[in-house]
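What follows is the residue order along each chain.
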Amino acid sequence: MQSVPEQFEGLALDGGNLTLAVALVVGGLAVWGGTVWIVRRVLLRVGVDEAVEGTAFERAAQGVGSSTVGLVSQVCGVFLLLFGALYVVETLDIAPSRSLVFTVNQFLARLFVAVLVVIVGVLVGDKAEIVVGERLRSVKLPEVTVIPRLVKYSVLYIATLVALSQLRVATGALLIMLAAYAFGLFFLGGLAFKDLLSSAAAGVYLLLVEPYSIGDEVEIDGSRGIVQEMDIFVTLVESDGEEYLIPNRKVLRKGATRVRG
Amino acid sequence: MDELGALLDDIVADVDSVFLFSPSASVHESFADAEPPVVVVAPENAVDAERYVELPLEFRSLRERIRFGVEGGLDDGYLEEGDQVGCAAELFADDIDTVTRVRAGDFDHSGVYGLFVNSRADPEVIRNVFEVAIELGKKGQKGKRVGALFVVGDAGKVMNNSRPLSYNPFEKSHVHVGDPIVDVMLKEFSRLDGAFVVSDAGKIVSSYRYLEPAAEGVDIPKGLGARHMAAGAITRDTNAVAVVLSESDGLVRAFSGGEIVLELDPEEY
Chain A
39 MQSVPEQFEG LALDGGNLTL AVALVVGGLA VWGGTVWIVR RVLLRVGVDE AVEGTAFERA
99 AQGVGSSTVG LVSQVCGVFL LLFGALYVVE TLDIAPSRSL VFTVNQFLAR LFVAVLVVIV
159 GVLVGDKAEI VVGERLRSVK LPEVTVIPRL VKYSVLYIAT LVALSQLRVA TGALLIMLAA
219 YAFGLFFLGG LAFKDLLSSA AAGVYLLLVE PYSIGDEVEI DGSRGIVQEM DIFVTLVESD
279 GEEYLIPNRK VLRKGATRVR G
Chain B
828 MDELGALLDD IVADVDSVFL FSPSASVHES FADAEPPVVV VAPENAVDAE RYVELPLEFR
888 SLRERIRFGV EGGLDDGYLE EGDQVGCAAE LFADDIDTVT RVRAGDFDHS GVYGLFVNSR
948 ADPEVIRNVF EVAIELGKKG QKGKRVGALF VVGDAGKVMN NSRPLSYNPF EKSHVHVGDP
1008 IVDVMLKEFS RLDGAFVVSD AGKIVSSYRY LEPAAEGVDI PKGLGARHMA AGAITRDTNA
1068 VAVVLSESDG LVRAFSGGEI VLELDPEEY
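Respectively, the protein sequence lines represent chains A and B.
Numbers given in the numbering used here equal positions in the first sequence, counted from 1, plus 38.
Numbers given in the numbering used here equal positions in the second sequence, counted from 1, plus 827.
Same shape as in the complex, but just chain B (with noise of 0.2 Å):
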């Protein structure tokens, strides 16, 4: 399998740079000595890499992972526009069965990197919401699929352009999103129309909340409901980050800056 060897050989000739998805202690092992340095990209830093970008989700598509990889890498200076990037990553096995080359800059740059780290709110709460959301498009609530819309971060800011549509059920409460009882209770009170507000440390500041952001001008996709396009148009107004459950097509989508960067089905997750 000669022909099999020297194209797997052109894939990886003269690539700049070498990322590692979910690398095993003994492969990070064996890649000590490499330059440039290896950039590892895992959920978390087990290998203890030096050079490390961190995985929020475990996104299912390989796509997906290496995107958010490269971005990551783009953003801590460890690439180049341009650079050639050689993946090494897991498809089918669970330990790394699959070599690819990119090239960093080939994806138009979608700030699904910078949602997770360049926004107000902490990654780890942004991460939270996006697996009630996840949770919540898997199961719905009762079996009947159900939307939902919640505002992370710049939450004095949110509250301030929006309004209640009724008594605000956190009221005096002081739950996080990721705290165990939290996914019960979100389940529930999304049966409520209206807005979840989350402040960045990840307190839930309110349910059931209207958002009156101005929304001239914000461009998302045709088709899609007022429940994005609140989404869309609060995270232009406000520095927060908004994360949407689509009621009808059980997609979940992240905003931030008025755009879309993130689209995610909940099923591969």
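Chain A with its partners taken away, still in its complex shape (with noise of 0.2 Å):
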């Protein structure tokens, strides 16, 4: 009768090695429990749950009984465990060859950055659409809808192009596309923001210091009458007839005359 120890004899390949292999796989279940612990802790402590509340996202994780915290945290996991796994299979030396492993490693590390990055983009798009949805809910205009979408999408886009560069994949079209988008929204938006933009600065200068305020009587360009009203972009004067709309660009290049009563 064979001892117990002689029939496990030539089963392991290397006896130091399998030691150290159920070790590592042992040490790798307890580190993915405490990442996803971890992970999970921190994401709540920084407010990532009531964040991402009420986000289409959040709705489909919840839908299959999970959230977008644990979620997450689940994925930093499953991505440890591949490391961990991978880590063993180099230990054991059972892999065709070590560049295989090294490429695997390389590819499953861009392969987690990708995964992260389309999530968050997926998350930040959600939210940015409701944050901007609510913004202009006050707005009764139906085609204002189109904005919301389209800041999502638009985040989306770059959420997308920045996981396929991880990868590895073409994007330059698609970067051109990007460019060409950023330029438009930029540059035509700046041309056609540009007196929004100059009477805002003129307004946040005439709002700190007030030359005039409600009620008196001033000359701006040829219209005289009472201050009724002042914002961040207009200044509105109201003589006997007429009201005159002033955008505060206006105040600081002409100057403006202030009657004393």
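Since the hints were derived computationally from the structure, they do not count as laboratory data.
All the given hints hold, so there is nothing to weed out.
Not everything, but these chain B residues come out facing chain A in the computed CB check (under 10 Å):
no.: 1; residue: Asp981
no.: 2; residue: Val985
no.: 3; residue: Met986
no.: 4; residue: Asn987
no.: 5; residue: Ser989
no.: 6; residue: His1001
no.: 7; residue: Val1024
no.: 8; residue: Ser1026
no.: 9; residue: Val1032
Some residues of chain A that are not near chain B, with every Cβ distance over 12 Å (derived):
no.: 10; residue: Ala59
no.: 11; residue: Gly66
no.: 12; residue: Gly85
no.: 13; residue: Ala99
no.: 14; residue: Gln112
no.: 15; residue: Val126
no.: 16; residue: Val127
no.: 17; residue: Thr129
no.: 18; residue: Arg136
no.: 19; residue: Val142
no.: 20; residue: Leu154
no.: 21; residue: Val155
no.: 22; residue: Lys165
no.: 23; residue: Leu188
no.: 24; residue: Ala218
no.: 25; residue: Leu290
Think of the CB as a built atom: it goes at the ideal place given N, C-alpha and C, for glycine as much as any other residue.
Need the complex rebuilt from these two chains, each delivered in its own frame; the hints are there to steer you.
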């Protein structure tokens, strides 16, 4: 009758390595559990669960009985487990070649970042859509619902771009599209909002210094009357028959005359 | 109880229009095919009604609520003078439990609806001022009754029809009625004499203001003091609306065009 150790003789490729591998699997599982727990705690402490409330992603996650925080921490855990497994494979030396392990390792790291970027992109996109939509709710115009959606897809587009370039997919064409889009947005938008921006800059000065205030009689660029209202963009001046809406940049450019009563 | 049903039938017989006050979605749904369409009167249009009158304040008294709704209906053209209106509203419960009938135009046209909707200032601003006045009337300042006078809208003209009693505490500040911090500030400054001036957009332009309108011919009930007289007079001289909290009887009154258009008891809100 053979003794028990003899039965196992020959099973191990290398006695030391097997013990090490078993220790690694056990340690890996422990680290996995720990990571999931820590990531979850950190995300909760930072307030991620409240921030993502109401987004489509969170609802989808809750549909499968999880939550965004749970999902993200699980993803972190799974990737950690994969890295661990890879390490075990390397230690046991059962991979066909070392360079394969190295390649897979590199790819896993990039995949991990790409997945995180996509998740964050979807979350930020959803959240931006909700926030912008709420801001615009007071504007009673059906077409305005396009803007929150535009914001969402812009964020998603950029997130996809980052994720794809992480995976070393050729993104040149997409990048050119993004550049054209950004150029259109900033250049044309800047052109369109030029007057509003310069008025706002002047308005900040006027509101802070208040060279004239509501109730004063002023003359600005030929319009004379009593100041009825000042906000960041315009000054509303009213005379007996007319109401003048004077952009604040005009006040700074042309100057204002205050009439002493 | 056939008799009661018959009585109810009598009340609602040949009404020209139906007003629902803050109906639930299901109640509104059941009136979907009513002819003519029902008019919804509520603080906000939660049921997406086509014909809708906004209640700017939560009038506790049913009388005030119906009066406001009917005046709004007249103003928006949902009603003609002399129309019979069936009103369904809540009186005791949180949903509709009361049916009554009024004739549009039976109330003397007080302009309480116009006070909110047709004033120079935004309805929102006037509502916020009312809320501040009501709050102030309820709690007083450090437990003591206070009076206050708010002149809302047409601030440029009001400023030119008044003079400062002392330095203006709101100079170079940009606070608006309705901002959370303002309630406390107004409460403190209400100790100072004089009026608060609020612009069309709700900016508090000044407090501590002595109003100098011509008071001749302003007709307000006897027994009201100088504060009310000033409020009546300034709204006749300018396009402003004045909201007054009386120190002696604790009521909130609103003036427009030199006349009292609304009288509220803060304790009821």
